[in-house]
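**Student:** My request is simple: use the sequences and hints to build the entire structure.
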Amino acid sequence: MNEVCGQIIRLCLLGKTVFDSKSLSHPLRAIGSILKVYGTFIKIEDVDLPQLSSSLAFVNKNLEHGPFKTRWNAAKSCQNLFSNNNLVSNNYLKRDLLIISSSLQSCLFNCPNFKVKIQSCIALSLLVKNKALNIEISQASLSSLKCDVTESETGDDYKSILIQEVNSTPLFVLD
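Position in the sequence shown (from 1) plus 469 gives the number in the working numbering.
These are computed hints drawn from the structure, not numbers from a lab. Remember, it's a predicted structure, so these values are computed and weren't measured experimentally. Some clues are possibly wrong.
[What the hints assert, rightly or not] Estimated spans, in silico, between C-beta atoms of each pair:
| # | residue 1 | residue 2 | range |
| --- | --- | --- | --- |
| 1 | S502 | Y561 | 19 to 25 Å |
| 2 | R498 | P581 | 32 to 38 Å |
| 3 | N554 | S523 | 17 to 23 Å |
The beta carbon of each residue, even a glycine, is placed where N, CA and C say it ideally should be.
**Tutor:** Given below as structure tokens:
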């Protein structure tokens, strides 16, 4: 087994045993960093694909449930994943990618946390740009985000930056 893939699995196992959101965020960020470069500097071996799939299931689980900090870190890992064409174009992982994209859309539509929605939007925007996956982005998800943007306070510097980020993503202009 590839050393990097082994590291991903160890991080997943660590994450499954940790219960507070701060500690759980660390393996999610590390997995996201590894997913961003995996296949670029290290050849993807067929034997590693089940372990990669397992780590994607772990990211997806934390995207759908848990504290907002954990969900944000999972969405950030998805952004890193979707920026890696070597993984996005891999047929073995296609089912996992479709499941994750569905969860990101659910976050965009259902999550009450603005930061999680923004990070989900950024991750999904990479899928819109990448033609390797033919994923339809729900118009309801986009409407939910646009509603949040128009109703949010813009005086707060961080929120203003997030609103600018949404306005610059391809998802915002699709509907």
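**Student:** The structure should be examined with respect to each hint, and the outcome stated for every one.
**Tutor:** Verification of the supplied hints:
Between S502 and Y561 the beta carbons are some 21 Å apart, a value that agrees with the proposed interval 19 to 25 Å. A hinted range of 32 to 38 Å is violated for the C-beta pair R498 and P581, which are about 22 Å apart. Range check, N554 to S523: about 21 Å between beta-carbon atoms, so the 17 to 23 Å window is met.
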